[in-house]
Amino acid sequence: MLLWCLYFLKILDAEKTLVYHKEVNLTCVEVFTLIKDLALTGAAVSGAIVAIKGLGTWHRQLKGQSEYELSRRILVSLFKYRDAINGVRDPVMLSHEILHPSEDDAKSMSPKEIDYYGISKAYQNRWKKVQDQRTALYADQLEAEAIWGDELNTLFKTIYSLEHELLTHVRHYLVLMNPKANEGKKDAIYRIDQKKRDIMYDELGEEPDEFKHELLEAIRHVENYLKPKLRHEVV
7 MLLWCLYFLK
17 ILDAEKTLVY
27 HKEVNLTCVE
37 VFTLIKDLAL
47 TGAAVSGAIV
57 AIKGLGTWHR
67 QLKGQSEYEL
77 SRRILVSLFK
87 YRDAINGVRD
97 PVMLSHEILH
107 PSEDDAKSMS
117 PKEIDYYGIS
127 KAYQNRWKKV
137 QDQRTALYAD
147 QLEAEAIWGD
157 ELNTLFKTIY
167 SLEHELLTHV
177 RHYLVLMNPK
187 ANEGKKDAIY
197 RIDQKKRDIM
207 YDELGEEPDE
217 FKHELLEAIR
227 HVENYLKPKL
237 RHEVV
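The numbering used here puts the first residue of the sequence shown at 7, with every later residue one more than the last.
Since the hints were made in silico from the structure, they are not lab data. Check each hint, because a few of them may be wrong.
As the list claims (entries may be wrong) - Between beta-carbon pairs, the in silico distance windows are:
1) Arg203 / Ser72: 39 to 49 angstroms
2) Gln71 / Tyr207: 20 to 30 angstroms
3) Glu151 / Arg203: 26 to 36 angstroms
4) Ala152 / Ser116: 52 to 62 angstroms
5) Ala194 / Asp121: 15 to 25 angstroms
6) Lys113 / Leu236: 18 to 28 angstroms
Quick reminder that beta carbons are idealized off the backbone N, C-alpha and C, glycines included.
Assemble the whole structure, with the sequences as input and the hints as a guide.
Rendered as structure tokens:
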């Protein structure tokens, strides 16, 4: 009887040991699952961080590319504008620039009126090139103002002031040349011009004349503002 009791107790002890091992095994599985879940969560968080950083880089690249294109357009238009201004001041007027009135119109015109017609048309065509580039610049300047503020517009003020000065001289020149213009108006313009510098023609010297020097200097300030933005090109 005693032996049976001892045997029964041994069996119970073995069952307790088995249950304990099972509990230990279940705990290990749970720990492994927890570690795996944490690893997956960490990978997901790391992926999200990388994605956010990548999105930020893409935005910066897109912004840099946009500013690069805008700066390039403005500079190209500015250089064309510069050449157009120089073209207006060119003292050499080629024959193809000087248009002639129709035969019917010419019959009722004096030689001076015919000359005036050809010269005035030539200057109109020269100035149209200036206006075309000024229009292109205006559109891009609005975009630049929205992005960078008013600093670029401030740099252009000197350039446009020089343009206005030249335009005034061209207009005065054509009025003085017009045989049909009022003599009183001509006298008034002549007196005004006497007090101003003569910038009508480019001196075409090795060194730029005063007007051209001021124009190139003003353009250089715009270049210095825009060229650093060209370094942001995205390849």
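Each hint, compared with the structure:
no.	hint	result
1	Arg203 / Ser72: 39 to 49 angstroms	41 angstroms, holds
2	Gln71 / Tyr207: 20 to 30 angstroms	43 angstroms, violated
3	Glu151 / Arg203: 26 to 36 angstroms	32 angstroms, holds
4	Ala152 / Ser116: 52 to 62 angstroms	53 angstroms, holds
5	Ala194 / Asp121: 15 to 25 angstroms	23 angstroms, holds
6	Lys113 / Leu236: 18 to 28 angstroms	57 angstroms, violated
Checked against the numbered hints above, the structure violates hints 2 and 6; every other hint is satisfied.
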